[in-house]
Amino acid sequence: MTDTVEGLVEREYAFGFHSDIETDRAPKGLTEETIRFISAKKNEPEWMLAWRLSAYGYFVTQSEPTWARVHHPEIDYQDMYYWAAPKPKGEAPKSLDEVDPEIIDTFNKLGISLEEQKRLSGVAVDAIIDSVSVATTFKATLAEAGVIFCSFSEAVQDHPELVRKYLGSVVGPRDNFFAALNSAVFSDGSFCFVPAGVKCPMELSTYFRINAENTGQFERTLIVAEEGASVSYLEGCTAPMRDENQLHAAVVEIVALDDSDVKYSTVQNWYPGDAEGRGGIYNFVTKRGRAGNRAKISWTQVETGSAITWKYPSVILAGDDAVGEFYSVAVTTNHQQADTGTKMIHIGRNTSSTIVSKGISAGRAQNTYRGEVKVMRSAEGARNYTQCDSLLMGPDCGAHTFPYVEVKNDSSQIEHEASTSKISEDQLFYCRQRGLSEEDATNMIVNGFCREVFDELPMEYAVEAQALMRITLEGAVG
Amino acid sequence: MLSIQNLTASVLDESGTAESNQILRGIDLEIGPGEVHAIMGPNGSGKSTLSNVLTGRAGYGVSGKVLFDGADLLSMDPEERAAAGLFLAFQYPVEIPGVGNMYFLRTAVNAVRTARGEPELSATAFLATAKEAMAELEMDPAFLSRSVNAGFSGGEKKRNEVLQMTLLQPRLAILDETDSGLDIDALRIVAHGIEKLRNPERSMLIITHYPRLLEYVKPDRVHVLRAGRIVREGGPELAYELEEMGYGPGEATAEPADATPTDTADPSGSHAEPDDGPQAPQARSLL
Amino acid sequence: MSTAVRTAARIPGELLDSLAGDRAGESHPTVWSEWLEANGLPDPSAEEWRYTPLDEMAEALFASRPAGSPGIDPATFDAVAPRHGGVRLVFIDGRFSEELSDSPASADLEEPLPPGARVGELCGLQGPHAADAAELLGRWALPQGEDLAPNDGFRALNALGGGDTAVVSISPGVAVGSPIHILHLRSAAAGDDPPTLSQPRTLIDVGSGASCRVIETHLSMGAGFTNATTRIRVGVDGHLHHIRVQDEHHAAHHMGDTVVETHRGAHLESIAVNLGASRSRCGIDLALCGEHATADLSGLSLLSADQRCDTVLGVDHRVPNCTSSQDFRSIVDDRARSSFCGHVLVDHGAAGTDSSQSNRNLLLSRRAQADTRPWLEILADDVKCTHGATVGRIDEDARFYMLSRGIPAEKAESMLIGAFAAEVIDDVEPPALRDTLYARIDELDQGAHS
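Chains as they are written, first to last, in our numbering: chain A, 1 to 478; chain B, 1001 to 1287; chain C, 2001 to 2450.
Treat the hints as calculated values from the structure; they're not laboratory data.
Among these hints, one or two may not hold up.
Unchecked claim - Straight-line C-alpha distance at most 27 Å; calculated DSSO-like pairs for lysine-lysine:
1) Lys263(A) x Lys374(A)
2) Lys42(A) x Lys165(A)
3) Lys422(A) x Lys2384(C)
4) Lys1157(B) x Lys1196(B)
5) Lys28(A) x Lys42(A)
6) Lys28(A) x Lys41(A)
7) Lys1157(B) x Lys422(A)
8) Lys1157(B) x Lys2384(C)
9) Lys1218(B) x Lys1157(B)
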């Protein structure tokens, strides 16, 4: 197994390149002026600016949370840029042909050419480079169904009443340190609105990409599913190789009204830093959904990238019979640190939640599951099942499981199971006796370990996730 | 085809040094092409250790020589031995949750084919072969979509082993207690599957405690293993003699039968020859 | 996951003075006074104190004062104090009571202690045992400022104002058959006096290859505060069976702090039973310091009315090849609240660790509450660790099955509750103590129906 670990440590970041796109920037540092600059740049209405400023007012009174099991040098919030946008060459593009060829080239390197996406996958793409949407497709099909899917900036301009109604209703501007930061300075993101009774005709997808040096990336996503609506949303990220740490503090809010169904899937493969732990993305994300009566919110995530991951996609089970799910695979190698999990807050009657977390730790990485299950007094008949499994590869890594369970209703049923072990020698030997190399055997066993989570991903993402795992384990055995 | 010369084995302790207690104490065995040999012996005699050492399981200090088609088997990795045509039907097949049986089998078959310089099988071709073999073994095709051995009954696991053997087409198959835990119908099916694979090019080494599998797969030679040594050899009739007479005094040992790799030889170190007793009775049907 | 930081409570100077005065004869109580003045009680936002009702604990502590003259008459004592066979040592308000204790040499004992087994009060012990015990005390029970972590306020308080020390010291190779019983009792305040404060200390040292059973009981006659420490060392190949019973007065506050270290090949079985006190904390810190040791910790809390009990375990696998298990259960009725935090740490290099943890909570009433945090922190790769937690009420299917076989509802429920507790209680020795526990479960259940 020693060889395996060395192989992991030596793996190269497959998407490590840097493209050169001219950006225009706000001055370095964070002040009220920065926020006014961003808001003005985006031509926002007064209420939006007021909302940002209230978040900023809270942010400056708070200090960074310390409870997560992650360590990093102090972040100087005054030493970074809070606004960067690709410089438009002339008018805004009306079609892909008009998009900056360099941007198109960047997508091509990532293997997510918009043309390809349009033709082959039938997936609408709201692609983001740095902080501003540059291309959106499939709007017509979606509009026909009444679905609004656009950049957050457009939504503020075109659907202010919807944004104003739902923005901050699940993750308020004063929710936590990083959410407050995001609320103050968010540059752009996605907005998705599925009206009552509508099943979104296609899976919605956004690719994120961090591109400019020293630019914090503050995405804001808001998904609203009205009564009886359903939508599946995909988020995937990759970032170019960098020496300096890059901060990312995104917020995703999901509003799932009665009888709606929202599925949110993430494959996260940002630059994790080099083998010595230099560089890499700091990924401090707040994701939360609120589920009404009989509504269902399902989070699935495959986290392989980032130097630090701090992320707890959560569900507030507010309505009766609401369902919350969290399926997660988190892989950490080299010096990566992940502190990730979920919160399931049971308020409604007969609410149920499922948590399946698979952590894989190799090299000198530290992988933590942190999850909270809270059953309020009103949550008659609440159910939770939690399963956390950790796989350790090598003697220098760590796997930690920190569940919090609080139950205030006696009719609830809560079960939590967890296990930690290394890859079984018996399994490895069995595979090798059948002719598989140690690397293939390891790969196969690890993929099997993650199966329950991969099965929750939409097909094309499941394939991408498996490919990511393979890259992660590439050269694992010498 | 297989030539074992003065093979010894000890369990390695935590620090990787061999413990003084040898489990195999000098085994000599020759298996020719197409021959079926049976190794019988009481619990703790070293039967499972022999199969582990031959297939390259870690955790043993080994000396002696094993030639497989003239090549030095002991210097090869487990997967190289598999590619060379060595197959072990495990006494306790391992469960691998999340890994589909079909995916596992096809990966194994193609890994072995690639190592032998043969082209990989297409998914369709593989599926057709697999389904045919499964029908022979009276296995539900649904097994292909389940995880490897996970949640299988004892009999299903053993059938799955024989299925893998059928698909991998080994040169030498070691069957480690493949008959244990099978009811009479399952035994018949499994034995039929094994017998079908018998041909002049393929050899087998059947490790068993009881002679009931040998009723279906008649061995050319029977060897009695005891305290790490082969103490008796004979034709198929020897199996029935053992059934009748037992393995002789001192059969009971302190070691559990499934202790792997801590499976050790009879700690009493009894070297008593088995009771020769009267002449072997005529072979008879056990059914 | 709030980031709000609350500050630790300061301890009133008057209380510190009264405790320091209590130890007027000793050399440097100021070490702890000063430490406590600087650090105060534990920080309520610290993870391991998150569910301990520290505000209420502090309030009760600050209102209490050390009892005056030990105040209990022998007749009252005999009426409340249990006997478990074997030698019994009695401490009233933290002071050794020679009068109420058995003399280890007494001919009245069914089974006299073998030579090499010494029990008594620390200062009363003679010879090498006293030296060993004093050495243990030096490291544990009386930590100096630099030994104390910021949240060790209650430890420092015990060091400052602790009473006599109950000692069980078993010489290498000595096996003690009958249980040794240490009984700590806090008296009720007389008249208008403030509630009493008692700070018992217990020290158990099991030598190499030695074995014994110890029952440690904490009782009280009225409201007040008990701040108890227990220090245990199980030597190489030693074997200790330890039962700690907290059965204080319903208005009492109890802070329990047990620190255990096991050495190579040692075997520890520990059962912590929490029955009484309005607010209580049962803290157990176990360090596995020698390879091939086995430590089986279990516990049972029976809570009703508005009781709160916080069980906090720290299990530290420092060396390879140790096995530990934790099985903690609580039965919670009325508006009571049970909380559990089990933190298993497998240190760097502790390969071959096998650890399993289970916390199960049975809620008997609509307003009962349970919080559980079974935590694993693993820094070695060749380990097998599992944990599990459940919270729920009586299994309806099982209950219905029993009803359908003609068992009355109340009986069915009490049988099921008994079965839930059985896995912990069945390891309790002697049988009389086990029966007492079952009787207490029945009481709890009947209370639920009244």
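Evaluation of the provided hints:
For the given pair, Lys263(A) sits about 22 Å from Lys374(A) by alpha-carbon distance, which is consistent with the 27 Å threshold. The hinted pair formed by Lys42(A) and Lys165(A) meets the criterion: a straight-line CA distance of about 20 Å does not exceed 27 Å. For the hint pairing Lys422(A) with Lys2384(C), the CA-to-CA distance comes to about 8 Å; that is within 27 Å, so the pair holds. Under the criterion of a C-alpha separation no larger than 27 Å, the hint pairing Lys1157(B) with Lys1196(B) is consistent with the structure, at around 19 Å.
Only pairs whose Cα atoms come within 27 Å are accepted, and Lys28(A) paired with Lys42(A) is accepted, the gap being roughly 18 Å. This hinted pair checks out: Lys28(A) and Lys41(A) have alpha carbons roughly 16 Å apart, not beyond 27 Å. Of the pairs offered as hints, the one joining Lys1157(B) and Lys422(A) holds, with about 24 Å between alpha carbons and a cut-off of 27 Å not exceeded. For a cut-off of 27 Å, the pair hint linking Lys1157(B) to Lys2384(C) stands: about 25 Å separates their Cα positions.
Of the supplied pair hints, the one linking Lys1218(B) and Lys1157(B) holds, its CA atoms being roughly 23 Å apart against a limit of 27 Å.
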